[in-house]
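Participant: The residues making up each chain are set out below.
There are 2 protein chains.
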Amino acid sequence: MKAHVQLIINIVMHNNTILLGHGSGGTLSHELLESIFFKYFKNSVLEKQTDSAVLHVSPSHLSFTTDSYVVNPIFFNGGNIGKLAVSGTVNDLAVSGAKPLYISVSFIIEEGLPVQELETVVQSMAEEAEKAGVLIVTGDTKVVERGKCDKLYINTTGIGQLEERFTNISYGTRVSKGDRIIINGYIGDHGIAIMNERESLHFSSDIASDAEPLNHLISDIIEHYPIHFMRDATRGGVATVLVELASSLGFGIELDEQVLPVRESVKGLCEILGFDPLYVANEGKVIMVVPEAEAQHILNRMRTHEYGKDAAVIGEITSDHPGKVLLHTEIGGKRIVDMLAGEQLPRIC
Amino acid sequence: MKAHVQLIINIVMHNNTILLGHGSGGTLSHELLESIFFKYFKNSVLEKQTDSAVLHVSPSHLSFTTDSYVVNPIFFNGGNIGKLAVSGTVNDLAVSGAKPLYISVSFIIEEGLPVQELETVVQSMAEEAEKAGVLIVTGDTKVVERGKCDKLYINTTGIGQLEERFTNISYGTRVSKGDRIIINGYIGDHGIAIMNERESLHFSSDIASDAEPLNHLISDIIEHYPIHFMRDATRGGVATVLVELASSLGFGIELDEQVLPVRESVKGLCEILGFDPLYVANEGKVIMVVPEAEAQHILNRMRTHEYGKDAAVIGEITSDHPGKVLLHTEIGGKRIVDMLAGEQLPRIC
Numbered sequence: 007m008k009a010h011v012q013l014i015i016n017i018v019m020h021n022n023t024i025l026l027g028h029g030s031g032g033t034l035s036h037e038l039l040e041s042i043f044f045k046y047f048k049n050s051v052l053e054k055q056t057d058s059a060v061l062h063v064s065p066s067h068l069s070f071t072t073d074s075y076v077v078n079p080i081f082f083n084g085g086n087i088g089k090l091a092v093s094g095t096v097n098d099l100a101v102s103g104a105k106p107l108y109i110s111v112s113f114i115i116e117e118g119l120p121v122q123e124l125e126t127v128v129q130s131m132a133e134e135a136e137k138a139g140v141l142i143v144t145g146d147t148k149v150v151e152r153g154k155c156d157k158l159y160i161n162t163t164g165i166g167q168l169e170e171r172f173t174n175i176s177y178g179t180r181v182s183k184g185d186r187i188i189i190n191g192y193i194g195d196h197g198i199a200i201m202n203e204r205e206s207l208h209f210s211s212d213i214a215s216d217a218e219p220l221n222h223l224i225s226d227i228i229e230h231y232p233i234h235f236m237r238d239a240t241r242g243g244v245a246t247v248l249v250e251l252a253s254s255l256g257f258g259i260e261l262d263e264q265v266l267p268v269r270e271s272v273k274g275l276c277e278i279l280g281f282d283p284l285y286v287a288n289e290g291k292v293i294m295v296v297p298e299a300e301a302q303h304i305l306n307r308m309r310t311h312e313y314g315k316d317a318a319v320i321g322e323i324t325s326d327h328p329g330k331v332l333l334h335t336e337i338g339g340k341r342i343v344d345m346l347a348g349e350q351l352p353r354i355c
Numbered sequence: 007m008k009a010h011v012q013l014i015i016n017i018v019m020h021n022n023t024i025l026l027g028h029g030s031g032g033t034l035s036h037e038l039l040e041s042i043f044f045k046y047f048k049n050s051v052l053e054k055q056t057d058s059a060v061l062h063v064s065p066s067h068l069s070f071t072t073d074s075y076v077v078n079p080i081f082f083n084g085g086n087i088g089k090l091a092v093s094g095t096v097n098d099l100a101v102s103g104a105k106p107l108y109i110s111v112s113f114i115i116e117e118g119l120p121v122q123e124l125e126t127v128v129q130s131m132a133e134e135a136e137k138a139g140v141l142i143v144t145g146d147t148k149v150v151e152r153g154k155c156d157k158l159y160i161n162t163t164g165i166g167q168l169e170e171r172f173t174n175i176s177y178g179t180r181v182s183k184g185d186r187i188i189i190n191g192y193i194g195d196h197g198i199a200i201m202n203e204r205e206s207l208h209f210s211s212d213i214a215s216d217a218e219p220l221n222h223l224i225s226d227i228i229e230h231y232p233i234h235f236m237r238d239a240t241r242g243g244v245a246t247v248l249v250e251l252a253s254s255l256g257f258g259i260e261l262d263e264q265v266l267p268v269r270e271s272v273k274g275l276c277e278i279l280g281f282d283p284l285y286v287a288n289e290g291k292v293i294m295v296v297p298e299a300e301a302q303h304i305l306n307r308m309r310t311h312e313y314g315k316d317a318a319v320i321g322e323i324t325s326d327h328p329g330k331v332l333l334h335t336e337i338g339g340k341r342i343v344d345m346l347a348g349e350q351l352p353r354i355c
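Chains as they are written, first to last, in the numbering used here: chain A, 7 to 355; chain B, 7 to 355.
Quick caveat, the hints were computed from the structure, so don't treat them as lab data. Among the clues, some could well be false.
It does not matter which identical chain is used: a pair holds within one copy or between any two.
[Stated by the list, open to error] Computed cross-link-like contacts, SDA-like style, restricted to lysine to any residue with a CA-CA straight-line distance of at most 20 Å:
| hint | residue 1 | residue 2 |
| --- | --- | --- |
| 1 | K105 | H67 |
| 2 | K273 | R171 |
| 3 | K330 | R341 |
| 4 | K105 | D282 |
This one's a predicted model, so the numbers in the text were calculated from it and none came from an experiment.
Produce the entire structure from the sequences given, and follow the hints as far as they go.
Facilitator: Okay, structure coming up:
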């Protein structure tokens, strides 16, 4: 077995790009599994090498989420497509109130991708999974011809365990007038980092993706405070989450532009590119709607976490203008924040 | 709400191809969700429209599996990529011994795909899910630029409930000498149907993909008979499953070519194309290793099922030539069946 694995590694190293045969289910597929995937994703469930992972979950509710990642480019300041995929799925589970437990990974690879690039991505995925405390327990690989994919697409699907008391957080049924809206840090970093990389703008080197798993921060907060609603502000940004919330609950939302945490560099690049940071994707930001009386305590607690140190209260729930989000602008005006109509930043995640 | 949905359908119908904006998370994404995905996948879990589905599972083991489908072409005799994706994931769960319960679906769509084609695929997925008795509970859509995908790729990830008594079926730990190998019908149909379509060969109109959910057949058999091992024979075909089994358990396997169920039309096309039906992908075939004494009973029972009426005993487990699969050929010879080295039929699933 040992010699077999060694042989396999050698073969993959000789062919240092991905071939169609790596997706065949035959010898080359096995080699890729052994030399790259099992190497980094090693755990007792995955090692069984059956098509389905067998898991044991205590009696409870489960949270289940899927996302395919098609970000372009696959490497960017602050991360890569693999880091994004794992932290994105972990965060989707965490904002549902669940403790993320298991993740599946599925790769669609363009023939010719350097094995080294795949390995870097897989290594990042293993690191993020470790950081979040989740196990990657099953997977799949397909290879398509050159020009039928853009280097690498990744699907991650996650299962989390959800306690009864947290089942309503993601629906926002307890949101009420006067509740405060908190975000755990700077907005727009991920989207602008991708644009900076993609367009080779290189305007500022301090702009990095915020892709990180937020499950530890979130579980700490929901364990100690009553949270009325939470969601991660990914595609469509903060604006989309809040417009959806206002429209589904029939409350109004007021946002204060002056206190929105946006880095100067991100703000500058947004102005040049014609973007509004409110709509730019984040990959490590959670929006929480919390009771007014608890807002300051929650903010203080959030700021003790690595991914919450720049947390801020950015607005509140109101009974005025139900279904609408109103922004109080820095220059003293007011404007309605609408749903994004078309595509602002394609392939941002 | 009703008027809103109506408006949405109109917009999608006006733009009868998929635009990048359909993957933006904004208005166009919502329109696509309402007019296509929710229309067919309607159920109480999915309707919550949160990023993670909340599920309730009784205390038990879970089976968890993922596959990305990149089949080319996306429509073929006997099905399409959507039917394939749902039945493939259902079958992966079923052969693990689990009762398939929930499925996530994630689409990567090439800009310009006719909405009508997407709708046909989604409709098939809903039909297959209904047939299998599984719920599609969460999903994701990404759109990439023309030339960055080949029409449509689909990931399906499934969760099944696995009773303790069935947890070992997929590992084959109870396989022993003399056990019989059963398959539920004709082999090679799926792979050859795809090739026939892709290469516009049109040699025979009776060749159709066998993609179907096998969970009802499988649960009926495992409920009534002791099954020592089972797996679906997909990419790499029957040969790959058996070579892997022999090599992992250290038994030998003998196959009898004369009794292998292969349609004359499939056999003919395999000869022309230079394929061996043993390696051609199936999407509705399960291989079971069963005690010799039960083999005939199991065969009889299998034949009462729609997807088992052409079931056959094709070989047996032996203590000779451990780790090797030996084929007794029709002309009276013997040959070793090896693992497929490279890619025989790319993008078959």
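Participant: Evaluate each hint against the coordinates.
Facilitator: So, going through the hints one by one against the coordinates:
no., hint, in the structure
1, K105 x H67, "both (11 Å within a copy, 18 Å between copies)"
2, K273 x R171, "neither (39 Å within a copy, 59 Å between copies)"
3, K330 x R341, "within (10 Å within a copy, 73 Å between copies)"
4, K105 x D282, "neither (33 Å within a copy, 47 Å between copies)"
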